[in-house]
Amino acid sequence: MDEHRFANGNTVEATAPEGSDYTQVKSNKRISRRAMLATLGMTGAAVVSGGLMNTMDVMADTVQAIDVMTPPVPLAPLVGDGVTDDTAAFQAILNYAAANRLSVYCPSGKTYLVQSIRIKNGTVSLICDGVIKGKGTAVNGVVQLDGPNLFGGTAVEHFTLQANIDMSGGDREAIKADGCSNCTFTHNRIYGFTNHASLNHYGILLWFSSNYNKIQHNYIDGYDKPTQRGLLIDLIGESANFGGFHDNGNIVPPTRPCVGNIITDNILLNGSYAINLLAVENSVVSHNYCYKQNHRSIYVAQSSNNNIISDNQLIGFLSSGVLLGYGAYKNLVTSNLMKQLDGYNSIGGEAAVNVNTGSYDNLIADNTIESFTNYGVYLAVNSIGNKVDGNAISRHYVAGIALENDWIRPLPTGAKYSRPNYGPPSVGTVWATKDSESNIIQNNIIGPCYTGRAMCAIYVSQLGTTSTKNNIIQNNVVTDTASYAYHLYCFEETSGKLTGNTLKNNSFHMATLSKLFLTRGRGHFRQCAGNDALDTDPHTFAAGDTTPSVGIGGSFVFANTSSTSVTMFDDGADNQTIVVRLDANTTIVYGPSTIRTKGSANIAGASTDQFVTLKRTAGVWYEISRSF
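The sequence shown: position 535 = 535 (this note's numbering), numbered continuously.
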C-alpha cells in the first residue's frame with residue numbers, strides 16, 4: 001500500500017500487484033475528484049485522473065471510480081537511477097495520460113534520465129518531485145509540449161508542469177512548447193546548464209501563438225558567463241524581420257504573436273537574458289528577480305506591444321535592464337528597480353532602459369535606476385511618441401537621460417555624449433530613416449552620476465540627416481551640481497534639424513551657465529521658459545561681439561571696451577523676451593528684418609544704467625520698452 005500526496009493537497013492510497021509489469025486501473029476507494037488514482041506497478045510514478053480540468057465529476061465533491069479502464073494496459077517501469085535510459089517508459093506513461101486525460105506524478109529521490117519526452121494534448125499535469133535529466137541528445141527540449149509548428153502535432157492546452165530539470169548532460173533547451181495555451185509552468189527548478197561555443201541555452205521556451213499561459217514561481221539558473229546567449233524565459237511569436245524596422249522604418253504588427261501570457265515571481269540567475277519577448281502582445285512581466293545577466297535582464301522586440309513590465313528587480317546587468325527595440329510599441333515599463341552591482345559591471349553598458357530602432361508610444365514611468373550603464377534612460381533611432389515620466393535616476397556613466405535620432409560612427413565633432421556603438425546595418429546604409437519626435441521627458445529626478453565621471457544630466461542630439469524634433473522636456477530636476485560637466489547638453493549636427501522642441505520648468509541647480517551647452521541656443525526650441533538659471537541668470541556678452549548669443553541666460557550685459565554696433569541677437573527663439581543692459585560703447589542698430597527699434601532709429605548707449613527690453617517674433621526682435 002502506497003500513499004501519494006499531490007500538489008493540490010489531496011492524499012490517496014493505491015495498490016498494484018507485486019511484480020506486475022502493467023497497471024490495473026481500478027479503485028474501490030472514494031477519493032477527491034482532483035485525485036482519482038491509478039498506479040503504475042513498480043514504476044515509481046503515478047497517473048492521476050482529474051485535475052482542475054476534469055469533467056467526469058464536476059457534479060460532486062467525490063466520486064467512486066471502478067474499472068476506469070479495461071482491459072489493463074501494459075506500461076514499462078521507470079527505473080529512475082540516473083543511469084538507465086527511461087525515455088521510452090516515461091513517454092509511454094505520458095502517452096497513456098494524454099489518451100485518458102490524466103496527470104503524471106514522479107516522487108522525489110529518483111533521477112529519470114531521458115533523451116527528451118513529449119507532452120501530448122490531453123495530459124492534465126506532470127508533477128515531478130524527482131529529477132528529469134537530459135542525456136545531452138535532445139534536439140528540441142528535454143521536456144517538449146507538442147504542437148503543429150515545430151512538432152507536427154496538436155497544441156497542448158490546460159496543462160501544468162512542475163518539475164526539476166537537470167541540464168548538466170549538455171542539452172540546450174529545458175522546456176520547449178509549440179503553440180501551447182492556458183498552460184501553467186510553475187515551481188520548475190532548472191539548473192546545470194553547460195557552456196557551448198556556438199549554441200544558446202534556454203530555460204522555458206514558448207513558440208508561435210503560445211497564448212494565455214502562466215510562467216510563475218520558477219527557479220532558473222543559467223550558465224554564469226555563456227559564450228553564446230543564455231535565455232532563461234523566452235517567448236517567440238512570428239513577425240516581420242526586425243519588426244519591419246529595416247524596411248524604411250515601417251513597423252508592422254506580429255503575424256502570429258504570443259498573447260496574454262503572465263510571467264511572474266520567478267527567480268532568474270545568470271545567463272545573458274532573463275526574459276525575452278519577441279512578437280509578444282498583451283502580456284505581463286512582473287515581480288521577477290533577475291540577477292547577473294551578462295547582457296540584458298528583459299528584452300522586448302519584434303513589434304511586441306501592449307505588454308506590462310512592472311515591479312521587477314533587475315540586479316546586475318552588463319548591457320540593459322529593459323530594452324525596447326525593433327518596433328516595440330505601447331508597452332508600459334513601471335515601478336521596476338534597476339540596480340547595478342559594484343565590481344560586476346566595470347565597463348559601462350548601454351542603458352538601464354534602452355528604447356530604440358522604431359519603438360514608439362511606450363511609457364517608462366516611476367522606475368528606480370541606480371545603474372552605471374552609460375545612460376539611465378536612452379531613446380534613439382526613430383523613437384517616436386515615448387514618455388519618460390517620474391523616474392529616479394543616478395550612478396550613470398554618460399547621461400541620466402539621452403534622446404537622439406541616430407547612431408553614427410565616427411561621431412561628429414561636438415557630439416561628445418552620443419553613442420557610436422553601431423556602424424551601418426548590413427541591410428542598409430543608415431540606421432535612422434525617420435525623425436525621433438514627439439517624445440516626452442518629464443518629472444524625472446536625476447541624481448549624481450557615477451563617482452569620478454563628470455558627465456551630463458540630460459543630453460539631446462541630432463545626428464546625420466534626420467531630425468530630433470517636437471519633443472518635450474519639462475519639470476525635470478537635477479539634484480546634484482558638482483558631479484556634472486553639463487546639466488543640459490544639446491548638440492545639432494545639421495542646422496535646423498534639432499528644432500521645434502519644448503524645454504520648460506526644469507530645475508538644473510547649476511552654479512554657472514557654463515554647465516549648459518546648446519549648439520544654437522534657444523533656436524532648438526519652440527518654447528523655452530521657466531528653466532531656472534537658463535532663463536533667469538545674467539549673462540555677460542563678450543566684448544566686441546556684434547551678434548551676441550542670447551541662447552542661455554535671462555538677462556544680458558554688454559561689456560564692450562570699444563565702439564561696437566550690434567546688428568542681431570543670435571540663438572534666440574520666437575516669443576523669447578530679453579532684457580539687455582547697455583554701456584557707453586554699444587549701439588543697437590535698427591534693421592527691418594533683424595531688430596526693430598521704436599522710431600526705427602539706432603539706440604546708442606550712454607551708461608550702464610540703461611536697459612532695453614526686446615521680444616522675438618517670426619525671427620525679428622521688436623523693442624518692447626526702454627528705461628530711458
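Keep in mind the hints are simulated off the structure, nothing from the lab. Treat the hints with care, since some could be wrong.
Unchecked claim - In silico lysine to any residue, SDA-like type, Cα no more than 25 Å apart, as pairs:
#	residue 1	residue 2
1	Lys469	Ser335
2	Lys615	Ser600
3	Lys434	Asp361
4	Lys416	Asp366
5	Lys110	Gly152
6	Lys120	Lys135
7	Lys339	Arg409
8	Lys339	Ile445
9	Lys504	Lys598
10	Lys110	Val79
11	Lys225	Arg189
12	Lys387	Pro410
13	Lys434	Thr451
14	Lys214	Lys387
15	Lys615	Gly447
16	Lys598	Ile578
17	Lys330	Lys416
18	Lys504	Ile624
19	Lys120	Lys225
20	Lys214	Lys225
21	Lys615	Ala392
22	Lys504	Ala392
23	Lys615	Ile445
Stated by the list, open to error - Distance ranges between label pairs, derived from CB positions:
#	residue 1	residue 2	range
24	Val430	Tyr344	54 to 64 Å
25	Lys416	Lys214	46 to 56 Å
26	Thr154	Ile308	58 to 68 Å
27	Asn248	Ala604	51 to 61 Å
28	Asp247	Ala601	56 to 66 Å
29	Lys416	Asn585	31 to 41 Å
30	Lys504	Thr540	31 to 41 Å
31	Asp480	Thr154	42 to 52 Å
32	Leu332	Asp247	23 to 33 Å
33	Asn182	Ser495	38 to 48 Å
34	Ile445	Lys214	31 to 41 Å
35	Ser600	Thr546	18 to 28 Å
36	Asp81	Lys214	28 to 38 Å
37	Thr617	Thr494	46 to 56 Å
Cβ atoms here follow ideal geometry from the backbone N, Cα and C, with glycine treated the same way.
Taking the hints in turn, this is what the structure says about them:
{"no.": "1", "hint": "Lys469 x Ser335", "verdict": "violated, 28 Å"}
{"no.": "2", "hint": "Lys615 x Ser600", "verdict": "holds, 16 Å"}
{"no.": "3", "hint": "Lys434 x Asp361", "verdict": "holds, 15 Å"}
{"no.": "4", "hint": "Lys416 x Asp366", "verdict": "violated, 28 Å"}
{"no.": "5", "hint": "Lys110 x Gly152", "verdict": "violated, 32 Å"}
{"no.": "6", "hint": "Lys120 x Lys135", "verdict": "holds, 21 Å"}
{"no.": "7", "hint": "Lys339 x Arg409", "verdict": "violated, 30 Å"}
{"no.": "8", "hint": "Lys339 x Ile445", "verdict": "holds, 16 Å"}
{"no.": "9", "hint": "Lys504 x Lys598", "verdict": "violated, 30 Å"}
{"no.": "10", "hint": "Lys110 x Val79", "verdict": "holds, 8 Å"}
{"no.": "11", "hint": "Lys225 x Arg189", "verdict": "holds, 20 Å"}
{"no.": "12", "hint": "Lys387 x Pro410", "verdict": "violated, 29 Å"}
{"no.": "13", "hint": "Lys434 x Thr451", "verdict": "violated, 36 Å"}
{"no.": "14", "hint": "Lys214 x Lys387", "verdict": "violated, 29 Å"}
{"no.": "15", "hint": "Lys615 x Gly447", "verdict": "violated, 35 Å"}
{"no.": "16", "hint": "Lys598 x Ile578", "verdict": "holds, 16 Å"}
{"no.": "17", "hint": "Lys330 x Lys416", "verdict": "violated, 31 Å"}
{"no.": "18", "hint": "Lys504 x Ile624", "verdict": "holds, 23 Å"}
{"no.": "19", "hint": "Lys120 x Lys225", "verdict": "violated, 35 Å"}
{"no.": "20", "hint": "Lys214 x Lys225", "verdict": "violated, 28 Å"}
{"no.": "21", "hint": "Lys615 x Ala392", "verdict": "violated, 37 Å"}
{"no.": "22", "hint": "Lys504 x Ala392", "verdict": "holds, 19 Å"}
{"no.": "23", "hint": "Lys615 x Ile445", "verdict": "violated, 32 Å"}
{"no.": "24", "hint": "Val430 x Tyr344: 54 to 64 Å", "verdict": "violated, 35 Å"}
{"no.": "25", "hint": "Lys416 x Lys214: 46 to 56 Å", "verdict": "holds, 47 Å"}
{"no.": "26", "hint": "Thr154 x Ile308: 58 to 68 Å", "verdict": "violated, 31 Å"}
{"no.": "27", "hint": "Asn248 x Ala604: 51 to 61 Å", "verdict": "holds, 57 Å"}
{"no.": "28", "hint": "Asp247 x Ala601: 56 to 66 Å", "verdict": "holds, 60 Å"}
{"no.": "29", "hint": "Lys416 x Asn585: 31 to 41 Å", "verdict": "holds, 36 Å"}
{"no.": "30", "hint": "Lys504 x Thr540: 31 to 41 Å", "verdict": "violated, 25 Å"}
{"no.": "31", "hint": "Asp480 x Thr154: 42 to 52 Å", "verdict": "violated, 60 Å"}
{"no.": "32", "hint": "Leu332 x Asp247: 23 to 33 Å", "verdict": "holds, 27 Å"}
{"no.": "33", "hint": "Asn182 x Ser495: 38 to 48 Å", "verdict": "violated, 57 Å"}
{"no.": "34", "hint": "Ile445 x Lys214: 31 to 41 Å", "verdict": "holds, 35 Å"}
{"no.": "35", "hint": "Ser600 x Thr546: 18 to 28 Å", "verdict": "holds, 20 Å"}
{"no.": "36", "hint": "Asp81 x Lys214: 28 to 38 Å", "verdict": "holds, 33 Å"}
{"no.": "37", "hint": "Thr617 x Thr494: 46 to 56 Å", "verdict": "violated, 26 Å"}
Hints 1, 4, 5, 7, 9, 12, 13, 14, 15, 17, 19, 20, 21, 23, 24, 26, 30, 31, 33, 37 from the list above are not met by this structure, while the remaining hints are.
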